[in-house]
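Engineer: Take these sequences, add in the hints, and give me the full structure.
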Amino acid sequence: MNLRMAQNQTKSGVSLIMPGQVTQACWSCGSMRAAHFCSACGKVQPPVPADYFLFFGLPRKLNLDVAALEKEFYELSRHLHPDSHAKTDPQEQEWSLQKSSQLNDAYRTLKDPIARTEYLLKLEGVPLKEQSKQASEQARATGTLKQQVVPPDLLEEVFELNLQLEELRTSEKTGASDPDLVQELEKHKAHFEERYEALLRELSKHWDHWDALLTRQQQGHAVSNEDRVKLRNKMVDLLNRRSYVRNLLRDVSEALEG
Amino acid sequence: MANERVVGIDLGTTNSLVAFMEGETPIVIPGEDGSNLLPSVVALDEKGPLLVGNAARQYLIETADRAVYSIKRLMGRGIEDIQEELKLFPFRLAEDLQPGEVLRIRLGDKTFTPPEISAFILRQLKRNAERYFSGPVTQAVITVPAYFNDAQRQATKDAGRIAGLEVLRLVNEPTAAALAYGLDKKKSGIVAVYDLGGGTFDISILRLHDGIFEVIATNGDTHLGGDDIDNLLITIALHDIQGDLGVDVRRNAEAVQAIRKAVIEAKIHLSVHTSAMLDVELPGGKRYEREITRAQYEELIQPVLDRTVGPCKQAMKDANLTPDQIDEVVLVGGSTRIPKVRALVEQFFQRQPHTGLNPDEVVALGAAVQANILSGRSEATENMLLLDVTPLSLGIEALGGVVAKIIHRNSTIPASATEHFTTGVEGQTNVAIHVLQGERELAQDCRSLARFDLKGIPPMPAGLPRIEVKFLIDANGILHVSAREQRSGKEAEIAVQPSYGLTDEQVESMILESFDYAEEDFRQRQIIEARNEAGTILAALEKGRKGAAWDTLTSGERKQIGQLEKALLAVNDGDDYQAIRQAIDALNQGTMRLAELMMDGAVATALKGKTMEQADLGEGPAAPHPVAKAEFE
Chain A
1452 MNLRMAQNQT KSGVSLIMPG QVTQACWSCG SMRAAHFCSA CGKVQPPVPA
1502 DYFLFFGLPR KLNLDVAALE KEFYELSRHL HPDSHAKTDP QEQEWSLQKS
1552 SQLNDAYRTL KDPIARTEYL LKLEGVPLKE QSKQASEQAR ATGTLKQQVV
1602 PPDLLEEVFE LNLQLEELRT SEKTGASDPD LVQELEKHKA HFEERYEALL
1652 RELSKHWDHW DALLTRQQQG HAVSNEDRVK LRNKMVDLLN RRSYVRNLLR
1702 DVSEALEG
Chain B
3 MANERVVGID LGTTNSLVAF MEGETPIVIP GEDGSNLLPS VVALDEKGPL
53 LVGNAARQYL IETADRAVYS IKRLMGRGIE DIQEELKLFP FRLAEDLQPG
103 EVLRIRLGDK TFTPPEISAF ILRQLKRNAE RYFSGPVTQA VITVPAYFND
153 AQRQATKDAG RIAGLEVLRL VNEPTAAALA YGLDKKKSGI VAVYDLGGGT
203 FDISILRLHD GIFEVIATNG DTHLGGDDID NLLITIALHD IQGDLGVDVR
253 RNAEAVQAIR KAVIEAKIHL SVHTSAMLDV ELPGGKRYER EITRAQYEEL
303 IQPVLDRTVG PCKQAMKDAN LTPDQIDEVV LVGGSTRIPK VRALVEQFFQ
353 RQPHTGLNPD EVVALGAAVQ ANILSGRSEA TENMLLLDVT PLSLGIEALG
403 GVVAKIIHRN STIPASATEH FTTGVEGQTN VAIHVLQGER ELAQDCRSLA
453 RFDLKGIPPM PAGLPRIEVK FLIDANGILH VSAREQRSGK EAEIAVQPSY
503 GLTDEQVESM ILESFDYAEE DFRQRQIIEA RNEAGTILAA LEKGRKGAAW
553 DTLTSGERKQ IGQLEKALLA VNDGDDYQAI RQAIDALNQG TMRLAELMMD
603 GAVATALKGK TMEQADLGEG PAAPHPVAKA EFE
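Those sequence lines, one after another, are chains A and B. So the first sequence is numbered by my numbering: it starts at 1452 and just counts up by one. So the second sequence is numbered by my numbering: it starts at 3 and just counts up by one.
The set of hints was computed from the structure by calculation and includes no laboratory data. Please note that a few of the clues may not be correct.
Claimed, not checked - Covered stretches of chain B, going by a simulated chain A footprint (3 or more residues, C-beta under 8 Å): (1) 384-394; (2) 412-418; (3) 471-482.
Stated by the list, open to error - Quick list of in silico lysine-lysine cross-link-like pairs, PhoX-like style, CA-CA up to 20 Å: (4) A/Lys1573 x B/Lys472; (5) B/Lys263 x A/Lys1573; (6) B/Lys89 x B/Lys263.
C-beta atoms are modelled at their ideal positions from N, C-alpha and C, and glycine is treated no differently.
Structural biologist: Have a look at this one:
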């Protein structure tokens, strides 16, 4: 189903590139450097469509050696950045611009585990619900209901929290302060912070599952589509909860800071 | 082109500089007057010549309607953005200005856009560099405030083009300062650059490691600087003058400029002394005097300085750092000489700022370093790599006037984002897109960059076309847009209408117009050069008269030389350089034999055909300047 994934190299050193498949990576070590610049003369090569994982010659795994990624980013930057090609012909300058923007976009996305997960799910064709601040602002501005499902287990607490937030805002407008209310909110905040951490821990467990699944597949084991879909859906759910809790935390912090 | 020199230019609100990397060290190239700083003042003389720098400064006080300063504040801005500036700065806008049009400023009876005025400053710097190198300079790196938006950057690039400079890169000022500061490659760690200049404030946090200068976060205010302090002091003086002396000079531009000059001097004095005297002679013979103590001054400027704290906090938050994680704080910009500014920085970052650099020059020096990197590097810059960020988020207007952010602030540039659009009505062939820059959620609160139409979409049922639009911010921080309809594979045509800015055609016609001034400059320069040459030959002749060779000439020859000399003297003070040249040539011809006689016999044969000028073997007066001949296309 996901043939592109097979382009990448496995840890065991067995290349899974199939005949007829085009890849720019070195067949042996999986490095994508050859696709980016000539090792002999340093000239930037024309951009090729590549997803962010492929750009770095990485498998679509969710656990990633960020230190190694950073090192490769700096190394590639030295070769691809427009500053190193300011006096070359316009064609190479254009390629350098395209390539280095691709590099920066890829690095920015992959270095952050949440952005990385969201990106992978997008590659897998999963639509993510917009849970960002932007969506809430949009909802506020247009008066439409935000498309956001409150996780059922949080429903009660969120309801209470929102009431208190409203109360705090009203009391601030009148200039009165209510230490009890603030204390109550601080308590909620601490609780949601705990939740947030727990969600991250749970999410990281799923990263391990995903990567294990991928490894099994690469080793030639059959992986049922059902397992993949289940895992994907679980991660989508966790991401949504995470951003929901994050937004709550932000609202509480903003309200407490006045 | 044989000559590939790339200079670094700091195009400042108050002063501008040009620098170059001489060997492994960046140096500032001085102007004709020997000064490293060129005041960013432009004046148009009644007789036509355009003046820049110190020469133009005098006009501010004498004929204020013929001079303009702090033009950087108007770069890339629309009339609705500058209402506050207009209250405080004597910018005289053209009366026939249409809404949405690029601003035009009156200088005497002519009008110029801010990029054209900046181009006059750039052209002067270009000339200074050309004199220094005795050769043409056509490529430059120009610095801009890190917090400049797309329109302000584009306007700066346009100014370069109008001045005849290919702008190889726009570099953020605090980043340039870091480059100069960290040229010593051993430097590593987290550096904060606090840059408070004449009109702009920037704060940038950088990580230096292995020759890489990586900007982590930047913030600022493009309308905050020393100008604001001056305006506070001017307001007080005007108020005093009205109250104590009963004179209202607010409408008297020359008097206001005289006050401005006095308060700037007082401000500078107060950075070293504990009190300063304001002493201004007013029209009508009255005199305004007032003492300002450092304590009064500091209390007065505190609100201005406090405005730098918000951006500092935001930058630290975006960088995800606390002050104790900062290894070094670098001060840039003339306003950081104010002790109170230093105290504020010290308090915020909890460490003593680094003051080893000249805050006026460090940005230009850094621009020279970047120019060196772009022109192929040297030993000192071999390993250096600059990774800068975009200061503002880029977004597109979505349903309900909300901004959907597609590239977030502090993203390393070049950066790109791809968005997909479709149609809402069957057979629709156009889609309108509105691009904005800023952090606010609603389009009306962000800076409009451009509106454009995707045209030529093949007619299809609503929602079926899939138009891919790619937004790319280049290494200058300038946006590029391209689009493609994916189902038909057709390149959609984009006509980008910048919300504020010059079109390509306008820039082209300005380049042509600027040649008029270039011609005038060329003429002025020819006159100076011809006069210098005339001086040389006249001095040589004077010397010849005293020697023995003179006596061996026939009386007819002596008479003829006397007439030719008179003819040269007659035109030498005029403005017709060609007449001066002709008179020089004639005198040279007429003194040919004298020149020969002045040599000793053997040398004379070898020098046959040489002129008076050349026969004067280096003993005559030296030319005032080793003036390089101008090379104009």
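Engineer: All hints are to be evaluated individually against the structure, with a verdict given for each.
Structural biologist: Cross-check of the supplied hints:
With 3 residues having a Cβ less than 8 Å from any Cβ of chain A, the region 384-394 of chain B passes the three-residue criterion, so the hint holds. Counting residues of the region 412-418 of chain B whose beta carbon lies closer than 8 Å to any beta carbon of chain A gives 6, which meets the minimum of three for the stated coverage. Look at the region 471-482 of chain B against chain A: 4 of its residues bring a Cβ nearer than 8 Å to a Cβ of that chain, three or more, so the hint holds. Taking the CA atoms of lysine 1573 of chain A and lysine 472 of chain B, the gap is near 18 Å; set against the 20 Å cutoff, the hint holds.
Pair hint lysine 263 of chain B plus lysine 1573 of chain A does not hold up; C-alpha atoms about 61 Å apart against a cutoff of 20 Å. Between lysine 89 of chain B and lysine 263 of chain B the CA atoms are separated by roughly 18 Å; this keeps the pair inside 20 Å, and the hint holds.
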